[in-house]
Amino acid sequence: MIGIIASIIDGLLVGAVYGLAAMGLTLIWGVMNVINLTHGAMIVLGMFALYFLASALGLPPYGAVPVTIAVGFVFGVLVYWIAVHRVIGRAHLMSLLSTFAMNMVLVGLGTALFSTSPYNVPVPLPGVTWEGYTFTGTHIMAAILALVIAGLLYLLLYKTRIGKAIRAVADNRDAAELNGIPTTQVLSFAFGLGAALACVSGTLIATLFPFTVLSGGAYELKSFVVTVLGGLGNPAGALLGGVALGLVEGITTPFMPVSWIPIIEFILFIAALLLFPRGILAFSRA
Amino acid sequence: MTIKKLVLIAATALLTVSPALAADDTLTIGFTVSRTGKLNNDSTAQMRGFELWRDELNDRGGIKVGGRQYKVNFVSYDDESVNARVQQLYTRIINQDKAQFLFSPYSSGLVATAAIVSEQYGRIMLTTGAAEEKTYKLGNKNLFQVYSSADLYLAGAIAAVKELNPKSQVALVYKDDPFSKAVLQSARKQAGEAGLRTVLDEAYSPETTDFGPVINKIISAKADVLLGGGHYPDGATLARQIYDHKAGLKWVTLLVAPDSPNFATLGDAAVGVTVPSQWEPQVSFKPDFGPTAADFAQRFHAKYGIEPGYHAAGGYTAGLILQRAIEQAGSPEQAKVAAVLNSMDVTTMFGRTKFSTDPKEHGLQTGHEMVIAQWQKKGGALFKEVIWPKTAKTSDIIY
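First to last, the sequence lines map onto chains A and B.
Number 202 in our numbering belongs to position 202 of the first sequence; there are no gaps in the numbering.
Number 1364 in our numbering belongs to position 364 of the second sequence; there are no gaps in the numbering.
Looking at chain B on its own, in the form it has when it is part of the complex (with noise of 0.2 Å):
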């Protein structure tokens, strides 16, 4: 036969399988993950989080919609943690990607900067990972935001020391970065209007290595509780040197990154780390759909070796929300998904989550609770306990 004639053959039997092939539809996702650069800890994280949704819904077949079921597709790229790149790659992921909805990076630096891009081409984007409120003050219609807001974080670490010693001395040392800075300026207010005295103030710079100064500072402040932080490495740092500094502190909290399971090979230095957590695998909410936290925990610590922190509970989470609000709509339309996540007020088992539909903070998390985790050993090993608020404690506080 010539080759035209295969050719022809060719072409027909594929237009006629097409249309059987056509009935598996695809929903696209876009997103970019940091897996280079300082936040590739955290962002790996909350990619699994990600792609533990896809996963696990693909295999049951996709999201059921309007008599047809859509599997689900990823796309993403490396963002270097770099916000120039974020802007490239998010224009390119609505453009030549076509994404229908949009996952956030990680972080809030970086979700600011995506929420630009997104906000233009009036995508839907459920952010995970970003806690900093300004991003959601700007006036936008499509942001929704998994996380509490960074205004929370510390809230329950003042109010626990305040029960434990209303006279402690307090050091606020945080990272230079919108987020940490943004959840500092609401403790610092707290920390006032709870009568704990502020004895010690600095920011540093996101490449800090070298903690030794600015522990010596908190010495000389004679404090004896450190909030702040950043995120992983620093945060790791930080604990680090605290401990080898023998900086004689009686409570710790540190944003991020003692949430992390790496956070363990810190040994000795990590006991009495105190963290605000969005999620631990230990907490009980009784969800509405989707799997419990202790299934989720187990799931996830079958697929990738090690227990989830909240970062990947986020993602997950942002999927579930995501999948809900498609299926309640009836369609995969922008307009009718937007309007089922404005009205939405359910509980996962990330906890209740309901958004902000008011036009100047329009996509804030409004329902979600945080609470404070707390490296404890127990028999010679290191686990991460709830401490605080009483009602969701696995064990009491060490101080």
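Chain A with its partners taken away, still in its complex shape (with noise of 0.2 Å):
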């Protein structure tokens, strides 16, 4: 029974992360309809600026958060202008083939530069015990700076006039435009913050695990689920919807091998596909 709680509590945690790691996919997804399929390659991003940052200039690890949310939104932004910007409002899939190579562009260069060697980076940070089962540090840390980075975002969003004229600007381009919102401005920002997102999270996560060039693909893919399942660009949606996850993944890994972990969250996943298509927290977008 206590290694049932163990368990979840453990899920709980790492799914915050998941959360997190969403939540700049569905951000972008919501506002600008664009998949981004370059999230993997923002999560590694963050990863390897912790590893330089950590362990070549010698900050302390959470220090490097601040940092790579800046790099990561700078990043983006380059991003947006490079490879979205002239596809917006097009077919679906140009946004998703022009996406896609910039993240084959981007991982190739990771792979040259780093090979695909796996980087570790120690966080010496004293974990919590309690009968038996120990909570690392790194853990409860990660969560607590993912439902951080998550409220901040939400007071972004609704309580600042850049948050505005994001949400007005997934409501409707045009209006807002009409409205004298400098929409190409605000979704270079929005998908700014996306990669940010992405970035930070994959920052918490080079806390926990180590991690290779290629790392990113794991964590796309859990992020598509959970974004599924809180709804598209509702990023509160894709918090709950990351705990979810991790919450899902709690309770079934007592009970049986770690290796059908994923078919459970998958199966969850058309489940939830086909009774909620719009996210188990049907809220509209924005």
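Simulated from the structure, these hints should not be mistaken for laboratory data.
Predicted model, so just to flag it, every value in this text is computed and none were measured.
Heads up, some of the hints might be wrong.
[Said to hold, decoys possible] Estimated spans, in silico, between C-beta atoms of each pair: (1) Val-74/A with Ser-1284/B: 16 to 24 Å; (2) Met-256/A with Gln-1169/B: 42 to 50 Å; (3) Phe-114/A with Asn-1083/B: 48 to 56 Å; (4) Lys-1222/B with Asp-171/A: 54 to 62 Å.
[Said to hold, decoys possible] According to the in silico footprint, chain A covers these stretches of chain B (three or more CB under 8 Å from chain A): (5) 1086-1098; (6) 1142-1154; (7) 1213-1224; (8) 1322-1330.
Ideal Cβ positions, reconstructed from N, Cα and C, are used throughout, including at glycine.
Join the two chains, each given in its own frame, into one complex according to the hints.
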């Protein structure tokens, strides 16, 4: 019984990070109808950013978080102008291909620079031990930071002018343009924001597990599942979806071989798509 | 002068010079390396072993055979740690690059694929980094295994654990791939025969990065011994997370990963972790030919700046064995070299090498024995010490 509770708590902690990773994806999807296939590469960027800041420059690992948010944002804006700007509003397939191609470029560059060797950032943080099970300090810290960042995002979206502009553009781009909102700049800002979220989630993940240039793929896949679970374009939904996914993982793990977990996750994914096509939290976009 | 005359003169010059150039024969050896992908870490080590052998050999003038000298030329490609590429590339290596001999890729899974191609074309392949026995039991004629096979990997660990505490509760947690599964299949049997209780038996997907769930299961099962792992990335992660989760294990044996010098980057998480090893720099075999282990380790370190693990040693030894076979055969012809390899029973820095000639398991390595190494902290720094068998040990076991 205790084992199950421990497993659930672990799942919830990791789920918060999954949620953060998915928030970037869902924001971009919701605001500009673009499925950002560079999402995985952004996550990896965050991982490597942590590695270089912590190992090469000796910054404390969690001190790197604001830096990666900034780096991710700049990077996202760049990607927007290179790959996304001209294909917005066109057929879905075009933005898909465009971001896919950009992803290949980024991963290829990364492989050429860093090969696919695993990198590791040791983060010495004492954990919390309870009844023989330890919840690592890094997991707890990552979950807390994920929630904090999600809270900050909420404040940005609902309490600032730029947040209002983003929501307006997500709702109806033409109407927003007619109201004097510089939609192109807002879109690039939103993309940068989405990338920043992906990036910082990568940084947090890197404090938990070793990573390689190719690690982004698995988390991108989880992000898709979470995004659909939580409803497209709904960052709060993404966070909850992430936690829900973590919960599912936590509950099922003690009862079956670990390799079955992805199967259960994707069965639930399909079920969610069939039963709640607009996401479990069926809010409308923004 | 007209262009035509110039060309004529150049051609004549070339023709007269070329017999002199042709006196430097080359032997082409082909193989793939996992320059990218999950097997990158271990495969690179193996490749460095090959390259060190080739460079030292060519510096000495090459293989001296039948009055001629053959320099060794490598043809190698990136197999991306993927079977499909191995199949395409070995076909290319044999047909287009006309390699005369082959080395295997790294890892049993990829070697199984390469073996299909090499056997199809009847080329000799020295396999290194390939412990799964199934590959050799499918009826081959030209495979020669340098490593000890998978079923021996955990035998030493099980024997050691039995001696330390015959009431140990054993958790078997391993990667879902041909090599690890083969090793653990034998380990399961051996643990049962040793009277140890197996409390958990689980395979994890090769893509796993979060071992938290599995480690919680290990804790729930109240295991005090862990045997398993896979290759470098998952093994290193598992070790790190076991340490973070304070899993309370008294004995941990992970396959492959702890043998790499990079494992030391785990810091305190590496202390006490053991690994079944094909070879360690401290072994003291007296070689019939080639360098001693200490010599090899020193030259490898001088060239690459790190200590060699057994993957590099295996690569180097594959070169040594092939070289010896060609020299003794007196010619680079496949049939003659194969005959020598089949009758070979030699000792190199790697240990004893003898190939099985039973057609049901041709090429299986029957002479080589494995050791167990453990990471220990001495004076604040991490070292890999040999702890088993007792006859070869350089340090005591930490339990």
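Checked hints:
no.: 1; hint: Val-74/A with Ser-1284/B: 16 to 24 Å; in the structure: violated (57 Å)
no.: 2; hint: Met-256/A with Gln-1169/B: 42 to 50 Å; in the structure: violated (21 Å)
no.: 3; hint: Phe-114/A with Asn-1083/B: 48 to 56 Å; in the structure: violated (24 Å)
no.: 4; hint: Lys-1222/B with Asp-171/A: 54 to 62 Å; in the structure: holds (56 Å)
no.: 5; hint: 1086-1098; in the structure: violated (count 0)
no.: 6; hint: 1142-1154; in the structure: violated (count 0)
no.: 7; hint: 1213-1224; in the structure: holds (count 6)
no.: 8; hint: 1322-1330; in the structure: violated (count 0)
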